[in-house]
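Construct the complete structure from the given sequences, taking the supplied hints into account.
2 protein chains.
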Amino acid sequence: MSLKHALLGILHYGPMTGYELKQFFDSSVQHFWNAELSQIYPTLKQMEELGYVDKRVEVQENRPNRKIYEITAGGRAEFARWVREPMPPAALRDPFLIKIFFGSELPIDDMLILLRRQQEEEQKLLAFSEIVLSARIDHAHKEHHDIAGAATFWRLTLEMAIAHRRAYIAWCDAAMHALESMRDESSAAGEASGGE
Amino acid sequence: MSLKHALLGILHYGPMTGYELKQFFDSSVQHFWNAELSQIYPTLKQMEELGYVDKRVEVQENRPNRKIYEITAGGRAEFARWVREPMPPAALRDPFLIKIFFGSELPIDDMLILLRRQQEEEQKLLAFSEIVLSARIDHAHKEHHDIAGAATFWRLTLEMAIAHRRAYIAWCDAAMHALESMRDESSAAGEASGGE
DNA sequence: CATCTCATGTAATCAGTTACATGATTTC
DNA sequence: GAAATCATGTAACTGATTACATGAGATG
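So the protein sequences, as listed, match chains C and U.
Using my numbering, the final residue of the first sequence is 196, and nothing's skipped along the way.
Using my numbering, the final residue of the second sequence is 1196, and nothing's skipped along the way.
The hints are simulated quantities; they were obtained by calculation from the structure and are not laboratory data.
You can trust all of the hints, since none of them are fake.
Straight-line Cα separation of at most 30 Å, DSS-like style, residue types lysine-lysine; simulated pairs: (1) U/K1004 x C/K124; (2) U/K1045 x U/K1055; (3) C/K4 x C/K67; (4) U/K1004 x U/K1045; (5) C/K4 x U/K1124; (6) U/K1022 x U/K1045.
As structure tokens, this is what we get:
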């Protein structure tokens, strides 16, 4: 499970509660990873059992006590081991490509609609990465004046996300062009059934 | 679950057993989807209950009976509905980027090793897509002389996989260059500790 | 008066992987 | 003699999502 190691990574920046860890996810790595609170809480418990983190409870009134987790030496060691460990590249697992693969079962115009819409969605994600997220990194950069060059690495992950979205968008374009010429060729061949 | 729909898609090409469906996966869509037999068998059972497929049993000696599944009108309708249904773009979910994100916790040279190895793995996958798979599509194209233009769509999915791998490889290059200049800058600044 | 923030969790379900189980036939 | 092919499954486990549960205080 990479979630354990993502949490350990974040805890390098300082002790945090589960709730704060979730906020960190949402504001920094959501372009390539995500986790729900309902997954984070049990995972933290597990990590405590494994000795990767220490827990300190801050008693509160009117709301659940804050449980602040801090990375241990064991946690740091495990993180360092995991980072260096080789891993197979992430598989491309995209249900949209299933739709394309069986595209010959549908009219070409329907496939073009599909591609156009998917491209628009990708464009939204790209714009989000390019504008919102890069601004966020700049901000973090200035606020903490980039201790240990973390911002460089944050930016690299963003650039991968951006490269991926751009490649997808370009592919949608190429695919639509290919289908358009396919359609035009077949309509030129079967001209008899054409007209209004 | 997209597996149901992937199986329905394949069954458009003709009736098949679970075993044959698995072979189809391995020889055609494995660059963007995969499924184990242990997942396929129960899913086919479910699809039969839903009325998406009909089952015919072919009795065999010395080995389990072949259960041949054929898509029904209901299955075709469900597939057609699903294909046209909008879906959010697949999330980028890449544990390698977690490693990069926390790269400031490691020596830069270790990060360079990591990137180099990952790039090599991506290159292997790219070569596989470019050579083996495209040859496979050409072959399928000639064998069945491309009824209904299926090969065009097969090729499109392959091209997406290739575009993705190329973008990843290019990004690894850029990342390594960025880290190298980062390292060179910091060694130029802290020259006192330099030497041997 | 409604929604968002803070702060914790559990339970159910879904999707997918790995391990286990069987066993004849063919290929190297 | 070992491994791959054919052909079916079940069971256990992992990882992740969705729904459910609680409830004060702040913001709009």
